[in-house]
Amino acid sequence: MSRLRGTIARLLGLFHGDRDDRAMREEMDFHLEQLTASYRRAGLTTEDAARRARIEFGGVVGHQEAARESLRNRLLEDLVRDLRYGARNLRRHPGFSLAAMLTVGMGITAAVTVFTIVDSIYLRPLPLPRSSRFVEVAIRTPRGRPLWPGILAANLVRARVSAFDAVAAHDSREVLYVQGHRTASQRFGAFVSPQYFALLGVKPYFGRFFLPGEDSVPDRDAVVVLSYDLWRTQFAADSSVVGQRIQVRGRDAVVVGIAPPGFSGISVGGAPNELWMPTMMLGIVGEGCVARPGCRATAILARLTPTATLADAERQIAAIGGAVGMLAFGRDTVPRTAVIPVRGMADDQRSTYASLPPLLGGIALLLIVIACVNVAGLLITRGLTRTGEVSLRFSLGASRGRIVRQLLAENLLIGVVGGAIGVLLSIGAARALMGFFAVDSEAFPHFFFLSLDGRVVAFAAAVSVATVALFGVLPALVTSRLGLQRTGTSRVTAGRRGRLALMGAQVALSITLLTGAGLMAHSFGQLRYRQRFDTGHVALLRVRPAMINYDPPRAQAFLRQAVSRINGLPEVTGVAFGRGSGYLWTEGPQTMPLGHTTADTVGMVYPRFVSPGFLQVLGIRLLAGREFTAGDSAGAPLVAVLTESAAWKLSRDGRVLDRSMVLGGKTFRVVGIVPDYVVHPIHDDLPSLVLVPFWENAFQAEVDARLAVRVRGDPVAALPLLRRAVNAADPAVPVTEMMLMESQVDLEYSPVHLGTVVLAAAAAAALLLTGLGLYGVIAYLVARRTREIGLRIALGARSVEVVGLMLRQGVASTVVGVTAGIVMALATGRLLAAFLIGVDPLDPVAYGMAVAAVAMVAGLATYLPARRAARVDPMTALRVE
Amino acid sequence: MTPSERRDEVLPGTLDLLVLKALSLEPMHGWGITERLQQWSEDALRLNQGSLYPALYRLERQGFIGSSWKATENNRRARYYALTAAGRRQLEHERRTWERASRAVNLVLAVDGV
Chain A
319 MSRLRGTIAR
329 LLGLFHGDRD
339 DRAMREEMDF
349 HLEQLTASYR
359 RAGLTTEDAA
369 RRARIEFGGV
379 VGHQEAARES
389 LRNRLLEDLV
399 RDLRYGARNL
409 RRHPGFSLAA
419 MLTVGMGITA
429 AVTVFTIVDS
439 IYLRPLPLPR
449 SSRFVEVAIR
459 TPRGRPLWPG
469 ILAANLVRAR
479 VSAFDAVAAH
489 DSREVLYVQG
499 HRTASQRFGA
509 FVSPQYFALL
519 GVKPYFGRFF
529 LPGEDSVPDR
539 DAVVVLSYDL
549 WRTQFAADSS
559 VVGQRIQVRG
569 RDAVVVGIAP
579 PGFSGISVGG
589 APNELWMPTM
599 MLGIVGEGCV
609 ARPGCRATAI
619 LARLTPTATL
629 ADAERQIAAI
639 GGAVGMLAFG
649 RDTVPRTAVI
659 PVRGMADDQR
669 STYASLPPLL
679 GGIALLLIVI
689 ACVNVAGLLI
699 TRGLTRTGEV
709 SLRFSLGASR
719 GRIVRQLLAE
729 NLLIGVVGGA
739 IGVLLSIGAA
749 RALMGFFAVD
759 SEAFPHFFFL
769 SLDGRVVAFA
779 AAVSVATVAL
789 FGVLPALVTS
799 RLGLQRTGTS
809 RVTAGRRGRL
819 ALMGAQVALS
829 ITLLTGAGLM
839 AHSFGQLRYR
849 QRFDTGHVAL
859 LRVRPAMINY
869 DPPRAQAFLR
879 QAVSRINGLP
889 EVTGVAFGRG
899 SGYLWTEGPQ
909 TMPLGHTTAD
919 TVGMVYPRFV
929 SPGFLQVLGI
939 RLLAGREFTA
949 GDSAGAPLVA
959 VLTESAAWKL
969 SRDGRVLDRS
979 MVLGGKTFRV
989 VGIVPDYVVH
999 PIHDDLPSLV
1009 LVPFWENAFQ
1019 AEVDARLAVR
1029 VRGDPVAALP
1039 LLRRAVNAAD
1049 PAVPVTEMML
1059 MESQVDLEYS
1069 PVHLGTVVLA
1079 AAAAAALLLT
1089 GLGLYGVIAY
1099 LVARRTREIG
1109 LRIALGARSV
1119 EVVGLMLRQG
1129 VASTVVGVTA
1139 GIVMALATGR
1149 LLAAFLIGVD
1159 PLDPVAYGMA
1169 VAAVAMVAGL
1179 ATYLPARRAA
1189 RVDPMTALRV
1199 E
Chain B
633 MTPSERRDEV
643 LPGTLDLLVL
653 KALSLEPMHG
663 WGITERLQQW
673 SEDALRLNQG
683 SLYPALYRLE
693 RQGFIGSSWK
703 ATENNRRARY
713 YALTAAGRRQ
723 LEHERRTWER
733 ASRAVNLVLA
743 VDGV
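If you read the protein sequences in the order shown, they are chains A and B.
Everything in the first sequence is counted per this note's numbering, starting at 319 for the first residue and increasing by one.
Everything in the second sequence is counted per this note's numbering, starting at 633 for the first residue and increasing by one.
Isolated chain B, as found in the complex (with noise of 0.2 angstroms):
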């Protein structure tokens, strides 16, 4: 795996739980991710493609989604992504673990007086 570059603005470890969930409404292709996320961000969030298809791939290897080919709107061939039962699974999995991640962290700055 090449070592995450500069540019990679998401937090280390969430890169899976965001494609996840971006794959949770809809199968969508590779650069629809990263317009879905950028827009439910507003802005915030920029993916780096670099590790975007490594992590897609990966995904697709573990059998928490799965990649057709179809048409887009434009009629454009691009490969779709979608989620499997498992990884919705594993969606729910790492969003229970982001959540007791981050209200720890929350809890713990939440102390006042220091």
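For reference, chain A alone in the conformation it holds in the complex (with noise of 0.2 angstroms):
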């Protein structure tokens, strides 16, 4: 940023600053002593020399003002004159004029886009009052894995820390099991000290938020705040509501106070909190040590004092890091601390859009390049009409440099015209591709803030400019030269050469792009092949009685019955169950060690908690040995089914069927293997996989499922059928997250799907761009040569020759093009490698179907033209011009 400041310094004291100012001074005063000399030399005294000098010469100042003058004004004058001027020529050729924006403007759209979602991920300040100040006090083991500091540490930092002048503790994703107002819902809850709503400047709506005291003792102040879009969701905005009493998580809960319309917590890129209870209840999702040290259940937000610098922060929290530390582990432990500005989105929220930014900004400078060379090539060519205003401009004593600015104002104009595009556009745009991310595959919304702030504003200007450069130069220096060579019969040829390297540019950059998009999409669709399962009509939907405080008989006993109820509908030919959470039940990173005795330990493998018929539902090939059974239960012998790469780390020789093997020190059986499947569909790796028995209970009683349900016909209509019958087996426990697993697959897709399409829509839109800048070009040329087309035509040229001679002129640029796109999208293959999963970056399919693709449309630019050429009537031909 001071670097930026002290170019633009240096480029306005080229007109006006000091040091300018200085210079011009040191040198009348120069011009000033050696004009006294010369009168000396001359016989005058000193002082009469001086005297004569001074009159001679005026008031320095004067000449100086004058000199300035002649710099500034005119400078600012000819901007004006200029920026009319163009305006007009613009006016008075709108087919023209819009096309040329449109075009900037789309690549503009593009680069803006990009920013804008990049500003939200990491810049954006949240938008409450203040909110530049707000920052994060994160600590670190000593071998660097981020922890929260929890609420004994917070408490510390409040009272020890004079660079903030407000500290909250808050949990911010807890899942929460609302029932009130005769409804039930999950939602997303935070868990936060009375300071949370004092720090960011939050007012209730209604009622109030939390007093001092009811965040003290652990488990005894059962209060809860409502988001407005709850209240008015699930409690029909009925004022009655606070004080009221309503269950969360099984638990009765005071309703105190209504949130603000639009505050929906901070975890910006994560679920918007709905609801919000004091730290001390945390004890509801499991967190019952909150007041003791090692208890590490909330994070610290912190406000910096007006006049506190990150750094005082800073300084002041390492100087308390050993008490900090006694509190956060309970022992004798120093964690790195440090104190990181609240802005865009949480650490680990970013981890899930981390790759966005690189591969959309890549597809828009890939864009925003396409459209400043088809601009350029516009410009050149219309350039070409302008040769005769030009040379007039000249001859009335218009300097070279000085026509050259006046075009690049006309260029200016265009440019930020399709800055204005590109702004406009933009939000519409970012918020369409984030949509991708507005609900994860646990059905949870997520929130960002996609809206214009300064910041996008001043991107999109320096675009705006850089842009014009791009495009506008070459194509000013161009026509001027022409208007200065003013020898008409080089008219056609000139500048023609320069037009077709533009071509072929562009057929390079569609190239590229295509490549790109068709590696992608090959790409997803090898995802997708490599499911090895089949997500055609079924349904998905998830129990969790835990929401509700049941045992795990009480909780086994529902799954039982609600499973057999599920079962008796004659829309279902199947049901599985699993244990887990997330897109096909993952259960997250936990590993196990795998092997044959409990001494040894040939590799880590997931283990997986599923029900009989989950190979069925789920359509997965067995290759050897069997399923579960409803025998595979409680006090039987232990069993598990291996995907194939767990076999292999088993035994190389493949034959583990009926063998024993050892997870989590318990002995099992293996009954079956079956084929490797996609589980983390953006990562390349299969992991291996261990299948266990839900029933078996082989590690710990199973409470919460995930159900799968196969059906006849339309998966959408069984959804309610569905609910209806779990309803039946216990109206009180939560059913959540019903959906498609066709819907879940493509939630789970999404960074892939969205880089699919962008590079889709980007390579369509290239491709369009150079298919009618090629068209322009070429027609261009047909029409500048019509009456030598006509002479050959008289002179017994037959048409096929004609069209020959029009087809050569786009032909070579063409082909020059795509041996160049070849090239770049090599190296772009090489870049998008990270994205390609089962996909050789040199994928012939994507390569030829490029080429092909963009020879087409280059051809078909080139034949339409070159036809209307060879069906000149000579007569008219002639008489033309």
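Derived by calculation from the structure, the hints in this document are not laboratory data.
Don't be surprised by glycine CBs; every beta carbon is placed ideally from N, CA and C.
Don't take every hint at face value.
Said to hold, decoys possible - If you only want the chain A side, here are some residues facing chain B, beta carbon under 10 angstroms, derived:
#1 Q352
#2 L353
#3 S356
#4 E374
To be verified - FRET-style restraints, in silico, Cβ to Cβ:
#5 A:H411 - B:T704: 54 to 62 angstroms
#6 A:L401 - B:T704: 39 to 47 angstroms
#7 B:L739 - A:E365: 47 to 55 angstroms
#8 A:E707 - B:L739: 29 to 37 angstroms
Claimed, not checked - Chain B stretches covered by chain A per the calculated footprint, using a threshold of three residues with CB under 8 angstroms from any CB of chain A:
#9 658 to 664
#10 707 to 716
Two chains, two separate frames, one set of hints: put the complex together.
This is the structure we're talking about:
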């Protein structure tokens, strides 16, 4: 930033900076001295000489002013005049102007959209007053693992750090189940200390927030604040709900207030908070340790005083690092401490979106270059029709620099309008792109702040100026040169090479984008192929007896009943269930060593707890052995099904069926082998899985379960039937995350899907622009040569020959462009490699299709005007000009 | 631009030509230009400093001359102006224009008997 400021100052200084004034003054002083000396030599006294010189030279200041005026006013006046003249010119050719502005606008839109997304991920402060002073106090273990410091550490920081004027403890990411007003729903909530709302500068919409005394004793004050949206949707905006009792995770709690509209907590990039409870109530979600050292259940949010700096705060925190460590770890450990501004998303949310900026940024850069190259081609072509106007201005005494400046002013207008288009469209585009992440695979919405702010507008302005430099300078130089030459005959060929080079560049860029899009699309298809299970006609739901504190026996009894009721539905062909969270019951990163005996470790594997029918419902093929049956339940001998890679870990000879293995200290018999299947869609590795029967409770008693139900016909129609069947088993148990497996897979593939869609759109835009650009240039060349063509036809040239002649003009640039494009695409393929799964970056299909598409479009764009040339009537043509 | 003052003894439109010509031999500072022109014109041309410096800055902006700070023979810092390639071409161009114009005027004046 300061370097930028320096550059700007230097630029301004060229015209009226202090430095320039001093130089001018020194120069004038020198002149005066010399004048005085010359009078002295002529015989005058020192005094008289000085006086004469001053009289003759006039006021030094006056001269300086005159000289300066000549610089400054001229420049300003010229600029205003140029802009006015440019605007008139653009109005006179509305079609051309619109095409140029829209093309530039498209490129800038792409760039500004990416910036808006980057802004919301990394830079944007919360939309709250004084949010630029919000910080997080973070600690890491001596080994570098990030941790939450906990409530006691927050209290210590509040008491000891004078750089903060407010400190709050919070846990902003708990799944809660809210019953009240005769309805129940799963919600995302936060546990916060009473300072939280005041720190954020939020006032209650209705009622009050937490009192200091309400967050002092664990598990005593069950008070709750509802978000405005939750209050309206679940509680019908009923103001009498304040003071009433509702149930949160099966526990009674009193509503004390409603948060203002639009306030959704601070978990940007994650799920918006819909209710808040005091930190001392964290026992509701199983964090009963809140008042004890070593309980790291909350993060620390703080606000810097108006005079304190980040460095002050860091110093003060580091000074009490030992004490913070005692409270955070419950033992004598000094953590690494840091004070991090609260901007954009939290670190762990960022990681979800981290792959977007480089991918989208690369695409935007290519698009902007294509747009600029395209508009540069348009401008050069149009410049040819302006040689008369330009040479007239030359003969009226304008310098070449003056004319170039005038042409640049016109191009600047195009860039500015393009920038305005970019600003207008980018917000919608950014929202559409982030819409891919609006809901996660557990059906929770995510919230982002994507609106215009000063940074976005400043970025758009900077990009506009940069694009003008990219697309405007070369055409202005070419046009002014042509005007200077004024040798009529060379007009047709003049600038032709430049334009054809630009066309070649466009062809090359299109190939690059198309290849990228092809690779991504192929990879996306591969992902689906590698899934190895069938998502059609499968509905998902989750039953959560844990949310209302059922114990394992009661939860399991309920689950058996619910499953048998679902099985009784005529639409249902199979039910499977398992434990876990998210996509395909991913259990998270928990791994266990696998071995033949308890002593050995032949590799880490992921255990999965699934019911009988799991393989059948998901259509996973059994390679050998059998699936689980109802008999594989509590008390029966422990059995397991291995995926191929897990089986390979256990035994290189592949014969593992009926052999025994040890997992988590228990011995299982291998009863089946299944192929590897995709669990983490956007990672390349296929994890080694060990499936164990849900009902055997091999490691702990099961409570919650996710259900997958295969149905006949439309699974959407089946969703309400399934809910009713579960409610019939027990109406109190929450049923959540109802969705189609198709949608869940789509959500899980969002980043790849997004990349594919954006690349495809960018490639289509590039192809269209290239086609139009090529068409424009060739059509122009044909029009300029109408007379010549007419002459050729009159002299007996056949139409095939004429078409051939015209085609030749486009062919060379296309061939060069294709070659360059393939080289660039090879480089791009390398960059994309991180996103490509199951596809070689050198995939010949993607390259072949890109070349074919570009060749077809280029051929068509060249052929159409060429054919028109062949139809030229020689008599009319000869009369042209 | 300030209007030309009463002491402007240079023919209107010829200031640029004269300045470029003065610089065509070697780089010079502003004072040197006035001296040189005065000397070459046998004291007939006296440059008005009020228009010399604006003209120098304009010519520099147009790219016909460049400037740099150097020490004079007496070790005094001064800004020296030098012709650029574009300036050399411009000088040629202006000289031809002037010759055409002055020849035309002379031809007209040479007509006898009026």
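Requested in this report: Against the earlier hints, flag every one the structure doesn't satisfy and list their numbers going up.
Outcome: As far as the earlier hints go, not one is violated by this structure.
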